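Chemist: Sequence:
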Amino acid sequence: MIEKREQGKKKKSRLGFFIGFFIALIAVISLGLFWLDRQLLNQQLLSSFDGLIEDLNGYVFLEFFQYSMETTVPVLILGMLLAYVLMRILALIWRSPRIIREMLANRSVKRTQRLLNDSLILLSKGDMRRAKKKLKSASSTNHPILQSFLLNIEMSIDSGDIAESHNWVKKASSKLPEVKDYIYLFASKLLIDAECFIDARSYVDELIESNPKNPAANQLLFEILKDTRDYDLILRKIFEFTDYIKDDELAQTIHSLVKEAIKDQKPTKTIFERIPRSIDKHPMIITSKIEAWIDNKEYLKAETELRKQIPNNWNKELIILYAELGEDNLNGLSERVDKWLEERPKDAKLWLVASRLAQKDGLWSKAQQCIERSIEIKPVSEAYTELALILSELGEKKQASEALKLARQTSG
0 MIEKREQGKK KKSRLGFFIG FFIALIAVIS LGLFWLDRQL LNQQLLSSFD
50 GLIEDLNGYV FLEFFQYSME TTVPVLILGM LLAYVLMRIL ALIWRSPRII
100 REMLANRSVK RTQRLLNDSL ILLSKGDMRR AKKKLKSASS TNHPILQSFL
150 LNIEMSIDSG DIAESHNWVK KASSKLPEVK DYIYLFASKL LIDAECFIDA
200 RSYVDELIES NPKNPAANQL LFEILKDTRD YDLILRKIFE FTDYIKDDEL
250 AQTIHSLVKE AIKDQKPTKT IFERIPRSID KHPMIITSKI EAWIDNKEYL
300 KAETELRKQI PNNWNKELII LYAELGEDNL NGLSERVDKW LEERPKDAKL
350 WLVASRLAQK DGLWSKAQQC IERSIEIKPV SEAYTELALI LSELGEKKQA
400 SEALKLARQT SG
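Sequence positions in the sequence shown follow numbering that gives the first Met the number 0 and run 0 to 411.
What the hints contain is simulated information worked out from the structure, not anything from laboratory work. Treat each hint with caution, since some may be false.
[Stated by the list, open to error] Have a look at the derived ranges for each label pair, beta carbon to beta carbon: (1) Arg-407 with Pro-214: 43 to 53 angstroms; (2) Asp-360 with Gln-251: 40 to 50 angstroms; (3) Asp-246 with Lys-268: 16 to 26 angstroms; (4) Asp-337 with Pro-211: 48 to 58 angstroms; (5) Met-86 with Pro-211: 56 to 66 angstroms; (6) Ser-277 with Glu-163: 41 to 51 angstroms; (7) Asp-337 with Ser-277: 32 to 42 angstroms; (8) Glu-248 with Arg-407: 25 to 35 angstroms.
[As the list claims (entries may be wrong)] Using 25 angstroms as the maximum straight-line C-alpha spacing, the simulated DSS-like pairs for lysine-lysine come out as follows: (9) Lys-225 with Lys-170; (10) Lys-245 with Lys-225; (11) Lys-268 with Lys-300; (12) Lys-377 with Lys-315.
This one's a predicted model, so the numbers in the text were calculated from it and none came from an experiment. Glycine is no exception: its CB is placed at the ideal position from the N, C-alpha and C atoms.
Can you make the complete structure from the sequences, with help from the hints?
Modeler: Encoded structure:
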């Protein structure tokens, strides 16, 4: 729009210069002739000038088929100039409807922007009712702005009127088809945040249907499946998601899937067979495998892997799993934890594991000492709860009650 205005200004300036130049030229010639006519010059000089003027003011004869026209050079030039001006006027008249349309369009755009700004001001004041009216008007103009539709969609979802939000998505897509995908993504994200997963899924499925490799749509689909705990579909599409989902998030989701299977007493073999190579060595995947081995009572495989992994990264999840191993080798497990504590005496999780192994072995006094050491390093609700259980086993009911109070205070 700005470029068109600048071009129009340039054309007008060229036309003005052209007209001004010819008017100035004619004016100079006329003044020169007038001045010469007033001078007292001898007859010979005047005759010379008369001849020169006659030559300059020579006649022009034009003939076209049976038509002919005779005129002087200045009159011809003036006629050509008038013809040029007339053509420019006719061209301006011819283009006037388009110019008028542009003026009306600019006026409509300004009105839309004004209505949008007014609605934002009303929203900042908390006047939702009037803001909705302004936004509705802004969206109904001939030149709507995308932001006005997005605000209407957001306000409808925030108010819980999902049907109304669908209407606004439909209107926005119809008015602004070139940004339809962005509108669908915007609405999907808001619907996911509002836990309206079925409605969000309808937009996401349509986006993927039109472009199966749409990264944003695939990320939203993964988020919907994860929030709705549709782990079966995640597992079927796991290799597709590796192109769009970060390894950490993917591994964490598989870990949740494994825990869900263990809880429901379902086999985990199929899950591990579907794990992509890109995340096979991820700490959360290794943790998932160890949990599955422990659940299947494959303690030797679990212990071997834990003894290999724990000293490498001291992962808290793996450290806690060490206390879940079988009771056939409690002395060996405890000795291993004692060696690790010599290396890391301020690791609260290691002290917690040492306490749990002592409990399995019936060494309640040692269990109390280890859990108290863990609390000294990092007082958490979980440790206080275990301390209360240990004290109960030792017959310290009053101290156990105080430990439970501390557990509630810490969790709060």
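Chemist: Take a look at whether the Cβ-Cβ distance between Asp-337 and Ser-277 falls inside 32 to 42 angstroms.
Modeler: 38 angstroms, holds
Chemist: For the pair supplied as a hint, Lys-268 and Lys-300, is the alpha-carbon distance within the 25 angstroms limit?
Modeler: Distance ~15 angstroms between Lys-268 and Lys-300 Cα, so the pair holds.
Chemist: Is 16 to 26 angstroms right for how far apart the beta carbons of Asp-246 and Lys-268 are?
Modeler: Holds - the Cβ-Cβ distance for Asp-246 and Lys-268, about 22 angstroms, lies within 16 to 26 angstroms.
Chemist: Please verify whether Lys-377 and Lys-315 have alpha carbons no more than 25 angstroms apart.
Modeler: 13 angstroms, holds
Chemist: Take a look at whether the Cβ-Cβ distance between Met-86 and Pro-211 falls inside 56 to 66 angstroms.
Modeler: Holds, at about 57 angstroms.
Chemist: Given the hint of 25 to 35 angstroms, check if Glu-248 and Arg-407 actually sit that far apart at their C-beta atoms.
Modeler: Given a distance of about 33 angstroms, which is inside 25 to 35 angstroms, the answer is holds.
Chemist: Given a hinted range of 41 to 51 angstroms, is it respected by the beta-carbon distance of Ser-277 and Glu-163?
Modeler: With Cβ atoms ~43 angstroms apart, the hint holds.
Chemist: Against the range 43 to 53 angstroms, how does the distance between the Cβ atoms of Arg-407 and Pro-214 compare: consistent or not?
Modeler: The hinted range 43 to 53 angstroms holds for Arg-407 and Pro-214, with Cβ atoms some 46 angstroms apart.
Chemist: Is 48 to 58 angstroms a correct range for the gap between the Cβ atoms of Asp-337 and Pro-211?
Modeler: 55 angstroms, holds
Chemist: Starting from the hint 40 to 50 angstroms, judge whether the C-beta atoms of Asp-360 and Gln-251 obey it.
Modeler: 34 angstroms, violated
Chemist: Assess, step by step, whether the Cα of Lys-245 is no farther than 25 angstroms from the Cα of Lys-225, and give holds or violated.
Modeler: Judged against 25 angstroms, a Cα distance of about 14 angstroms means the pair holds.
Chemist: Does the alpha-carbon distance linking Lys-225 and Lys-170 stay inside the 25 angstroms limit?
Modeler: Roughly 30 angstroms separates the two Cα atoms, so the pair is violated.
In summary, the numbered hints that this structure violates are 2, 9.
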